[in-house]
Amino acid sequence: MLYLSLFVLIPLAAVVVKAVSSGAGTLWSSIDNTLALRALAITVVASLIVAAIGAVMGTLVAWVLVRDSFAGRRVINALIDLPFALPTIVAGLTLIALYGPDSPIGIDIAYTRGVVVVALMFVTLPFVVRSVQPVLIELDPEVEEAAASLGASNATIFRRVILPALRPAIFSGAALAFARSVGEFGALALIAGKVQIASLVIYANIESGSEQSAAALSVVLMLLSLLVLFALRRFGGGVDR
Amino acid sequence: MTVSRRAMLSLRTVAVLYLALLLLLPLAVVFWRTFEHGIGTAWSYMTTPAAISALWLTILVALIAVPLNTIFGVGCALVLARGKTRGRAVLDALIDLPFVVSPVIVGLALLLVYGQGGWFGGLFLNNGIRIIYAVPGMVIATVFVSLPFVVREVTPVLVEIGDEQEQAAATLGASSWQTFWRVTLPSIRGGVAYGVVLTTARALGEIGAVLVVSSNVPGSTLTLPLLVYQRDSQIGGQVTTSVYAAATELAALSVAVLLVMTLFGSRSEVGR
Chain S
490 MLYLSLFVLI PLAAVVVKAV SSGAGTLWSS IDNTLALRAL AITVVASLIV
540 AAIGAVMGTL VAWVLVRDSF AGRRVINALI DLPFALPTIV AGLTLIALYG
590 PDSPIGIDIA YTRGVVVVAL MFVTLPFVVR SVQPVLIELD PEVEEAAASL
640 GASNATIFRR VILPALRPAI FSGAALAFAR SVGEFGALAL IAGKVQIASL
690 VIYANIESGS EQSAAALSVV LMLLSLLVLF ALRRFGGGVD R
Chain W
968 MTVSRRAMLS LRTVAVLYLA LLLLLPLAVV FWRTFEHGIG TAWSYMTTPA
1018 AISALWLTIL VALIAVPLNT IFGVGCALVL ARGKTRGRAV LDALIDLPFV
1068 VSPVIVGLAL LLVYGQGGWF GGLFLNNGIR IIYAVPGMVI ATVFVSLPFV
1118 VREVTPVLVE IGDEQEQAAA TLGASSWQTF WRVTLPSIRG GVAYGVVLTT
1168 ARALGEIGAV LVVSSNVPGS TLTLPLLVYQ RDSQIGGQVT TSVYAAATEL
1218 AALSVAVLLV MTLFGSRSEV GR
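Those sequence lines, one after another, are chains S and W.
Using this note's numbering, you'd call the opening residue of the first sequence number 490 and step up by one each time.
Using this note's numbering, you'd call the opening residue of the second sequence number 968 and step up by one each time.
Calculated directly from the structure, the hints in this document are not laboratory data.
Everything hinted at is true.
Some chain W residues near chain S, calculated using beta-carbon distances under 8 angstroms:
(1) A982
(2) L986
(3) L992
(4) P993
(5) L1061
(6) V1067
(7) P1070
(8) L1077
(9) L1079
(10) G1172
(11) P1192
(12) D1199
(13) S1221
Listing some non-contacts, in silico: residues in chain S with all C-beta distances to chain W over 10 angstroms:
(14) I531
(15) A541
(16) I626
(17) L639
(18) G640
(19) P657
(20) F660
Don't be surprised by glycine CBs; every beta carbon is placed ideally from N, CA and C.
Start from the sequences, fold in the hints, and give me the full structure.
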């Protein structure tokens, strides 16, 4: 408990204290300027897009990994963890290399919002896949067969049988992806350019010595993350990584 | 669900293409860029004094942070799974904080507490201990961001195995210390090993939190991720071989360490 307070709790408390130290009015005014608000808006929208794409593609990938069988499936399965193993700054750099000014495939989206979304998709890829996969493995194919024998079409089976069982897993995976996206720094540090992402704005504020505004924005971000954390706990799925 | 052969094939294609475009292709391009001007050029960028010192510092920070978090993680998991204290639910919730707090905020938080003019900053500075803009701060930042992994991997395993064997050991006269080493630890080894792998991965690659509390001086307080960042920001716009070389070095270190740990982790006694 001491370990936790020394390294985690006291420092976080200091941020909150700093943010409100000069009154709630100042706190609000440092958030209520266009730069901070824009940064928050961009960050939240980008994170929502990432969570949504991640939920769909992650479920698809998990389904293929569990129900399909083909040569190289194990390799693909191992590949999923790559974003966890790869340092995030390298992840960011890889995307500049591919989608940047010297792109070998002629797509230059570096320093735009598009590449921010791609970078976040990269680092959050494992969340949905890894939370859906075990549930899908446990899911009994017999129920699906029963539904099929009763004349249900594939679409109906997916909507009525498979999706309800997977929903909590998809939700918790997507929520983790969202929480991670909101605070991500490493993958975006090199590639976001002039796109004002909340974590980059906080860093810029720290560098320029305005710790007060950095702390204010931090508190808003932390509240957002805590909200996600509570939602996760209520829905029963824990935080895995 | 019986899916037709064609549907199955197209789903498979979509999944594989998605992964290839998102993961493999970008990575391949970085390697290609690194060695574009020959292996010699890349190698010389990887072995500059700053790069070598960054490599060692990265390893050093991980070597301190990972064991600390492993010991804390196992202890904390024991409290969460076996303890009967009141604060357990609170502790359970607090553990996840480092996952959901942005690394930059972590850096700021440490700055405000241990930095000059911070809550404890003066105390340490007066005694000649520099934490912020020095290696200790970077270690604390790394500890912070990688703290929950071991706890989260070990707690479910402890709950799963139950405490019957531990009780049996106790009735046979084993001390709690003996019970821990002989009964509990061997059965949670897998969980601990996986937690350590995740902790290490995070510790080696952390940038956001460390960037804020480091003075970013090449040769003394620069880890490999920071070196990549610094080289990139110095050039401004044009990403060159020096950046790609540092990134490849970091990726190689990370992947090598993790591969070795995964291969031997489950067999050797982790945490001893």
